[in-house]
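Read top to bottom, the protein sequences are chains A and B. When we follow our numbering, the leftmost residue of the first sequence carries the number 1, and every step to the right adds one. When we follow our numbering, the leftmost residue of the second sequence carries the number 323, and every step to the right adds one.
Hint data in this document are derived by calculation from the structure and do not stem from the laboratory. Quantities reported herein were computed from a predicted structural model and do not represent experimental measurements. Careful, some of the hints might be misleading.
Simulated pairs of lysine to aspartate or glutamate, EDC-like, Cα-Cα distance not exceeding 16 angstroms [said to hold, decoys possible]:
1) B:LYS513 - B:GLU498
2) A:LYS218 - B:GLU328
3) B:LYS332 - A:GLU266
4) A:LYS219 - B:GLU328
5) B:LYS365 - B:ASP578
6) A:LYS47 - B:GLU417
7) A:LYS164 - A:GLU266
8) A:LYS213 - B:GLU328
Chain by chain, the residues run as shown.
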Amino acid sequence: MRKLIFPVRCCLTAGKNIVQRLKTKIMKKEDKRTICRQADSSRIKQKIGFGIISLCMFTTVLFLFAIICFIGVKGIRVISWEFLTQAPRDSMTAGGVAPAIVGTICLTLGAVLFSFPLGVACAIYLCEYTPKSYIVNIIRISINNLAGVPSVVFGLFGLAVFVKYFGFGVSILSGSLALGIVVLPVIISAAQEALLAVPQSLREASLAVGATKWQTIKKLVLPAAMPGILTGVILSIGRVAGETAPILFTAAAFYLKGYPKSIFSEVMALPYHIYALMTEGSHPDQQTAIAYGCCLILLCLVLLVSAIAIFIRQKQRSYYHG
Amino acid sequence: MTKIKERIIKGIFTILAFASLIFLVGIIIVLFREALPIFKKIKVFEFIFGKFWYPTYDPAEFGILPLILASIWVSTGAMLICVPLGVGSALYLNELASPGQKAILKPLVEILASIPSIVYGFFGMAILAPFLQNLFHLSIGLCAFTAGLTLGIMATPVVCSIAEDALSYVPRSFREASFAVGANRWQTLIKVVIPAAGSGISTAIILGMSRAIGETMTVLMVAGGAAVIPKSFFDPVRPMTAAIAAEMGEAPMGSDHYHALFAIALILFLVTFIFNVIAEVVSRKYRIKLGLSG
Chain A
1 MRKLIFPVRC CLTAGKNIVQ RLKTKIMKKE DKRTICRQAD SSRIKQKIGF GIISLCMFTT
61 VLFLFAIICF IGVKGIRVIS WEFLTQAPRD SMTAGGVAPA IVGTICLTLG AVLFSFPLGV
121 ACAIYLCEYT PKSYIVNIIR ISINNLAGVP SVVFGLFGLA VFVKYFGFGV SILSGSLALG
181 IVVLPVIISA AQEALLAVPQ SLREASLAVG ATKWQTIKKL VLPAAMPGIL TGVILSIGRV
241 AGETAPILFT AAAFYLKGYP KSIFSEVMAL PYHIYALMTE GSHPDQQTAI AYGCCLILLC
301 LVLLVSAIAI FIRQKQRSYY HG
Chain B
323 MTKIKERIIK GIFTILAFAS LIFLVGIIIV LFREALPIFK KIKVFEFIFG KFWYPTYDPA
383 EFGILPLILA SIWVSTGAML ICVPLGVGSA LYLNELASPG QKAILKPLVE ILASIPSIVY
443 GFFGMAILAP FLQNLFHLSI GLCAFTAGLT LGIMATPVVC SIAEDALSYV PRSFREASFA
503 VGANRWQTLI KVVIPAAGSG ISTAIILGMS RAIGETMTVL MVAGGAAVIP KSFFDPVRPM
563 TAAIAAEMGE APMGSDHYHA LFAIALILFL VTFIFNVIAE VVSRKYRIKL GLSG
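Please take these sequences and the hints and turn them into a complete structure.
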């Protein structure tokens, strides 16, 4: 009986083994297949994902080109020497926009003259005199919040404080001050970045030979940081030139006969002129054409200014990083 | 002698450094001072939830719900456009762009950010609105939809550059660890990099939102200007900023209308202020999480 059972058992176990092996083989194959499938699907997912983000980038750049092309093509037709140097005629349907260009330059200069010393002083205080951390925090939070205030609120502030309270009236002065506050955060953060980029060893060397803190700042740190600070100033020029809401109630006039005479007179400004051309007046077609020209001038100004700023910054970066 | 001079100079810098704080406090004081008279006549609740904005009628009605809703509609539209585009572009710049591409694309995004809002407004009004009107057969091109689209284009570079900064702060070791366990680039991006940069990206989105709500000239020109409660995306609307900019010129100084406009500005200021504080808190948490100095 035992002799009979043994081979049968052997056969059974062998059979079982074979089945087991086959099973594992099949499972392994399936495993491989699923892994492959997973790898395939994750590769496809990666392709789709990368495709989507490339599309996003493409769309963003497309918008930029659309804006520049439309305004460039239609604006260039209007621009001529006369357009740049003459005052508007025939209720805004002919002539140039020279007063608006001059006005924008005045407002921008005023704003930068106001906010440049303030901004650089603030940055020097924060970076060089290293005050207590709570003071730094207070100033930083107020800078950040000032940067986030809607531009029309600056206009109202200017209206209530400069125009009404100080009695400057609707004038270049009021507009410049309002614009100056708008760009203060831009200048502060650019100046701060520039000051932080100046190597510490420079200051230490100066202090080591007995120079005082102010001497160090004046003779070494500021000259070294100047290109960076200038970048910030140039960027802020671009910002100021295009801001409209702060000057709506503080400086801008739709139409003036001549050029501004003093800092207490109203001015025409390019951005406001565009707005006025598009929303007021009775000859929409001619006015739109002129508005295209104004937009192109403004756009060129801003693009030129940011190109200069970007160029200076690249140069500056390569100077410090070898 | 030099010591005294040094002290004086330090004192001058200290005073000048507080200029931004002074301006901020000044803005808050002015807004409250000029806005409060209106709340003596109308309750705050009625002002915010009143359905009719007829400031020049007799008797005048000052309910800014239509303006608030308009702001919400327009900025929602803008967010729907600028969040995917901005974050997507940031991911592209951070993940896919070669150094050469990056050197071209980043300045392009910066240029897009530096285009003045009035130019966007003009673009929306003169080009986008007629185009969309023809495309969708709208009765009027200047509506919440066009305004949202224009604002979205405008806020995209803001979101993009802040999000790109956040992504570039993610330490290399995070990615390397993910690659080491066999994840591919996309999986690493979705499962490791984006969660790590999450709060930085949310800061970008919050700041983009704040910009969209506070933007004035674009919505003034493109949104259409009807101060009624919007029924659809294609209705002309008048967001809060546009109402201030359009009506302040006509409102006699010291009148109820004048004070009501200041009250709108106050609400606007508080909203953006809250957004900025949230952004600040989130970004600080993020820097601590990644082990950067706060």
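Hints, one by one, checked against the model:
1. B:LYS513 - B:GLU498: Status holds; Cα separation ~13 angstroms.
2. A:LYS218 - B:GLU328: Since the Cα atoms of LYS218 of chain A and GLU328 of chain B sit roughly 12 angstroms apart, the hinted pair holds (cutoff 16 angstroms).
3. B:LYS332 - A:GLU266: violated (38 angstroms)
4. A:LYS219 - B:GLU328: holds (15 angstroms)
5. B:LYS365 - B:ASP578: holds (13 angstroms)
6. A:LYS47 - B:GLU417: It holds: about 13 angstroms lies between the C-alpha atoms, which stays within 16 angstroms.
7. A:LYS164 - A:GLU266: Measuring from Cα to Cα gives roughly 15 angstroms; hence the hint holds.
8. A:LYS213 - B:GLU328: It holds: about 7 angstroms lies between the C-alpha atoms, which stays within 16 angstroms.
In the structure shown, a violation is registered for the earlier hint numbered 3 alone.
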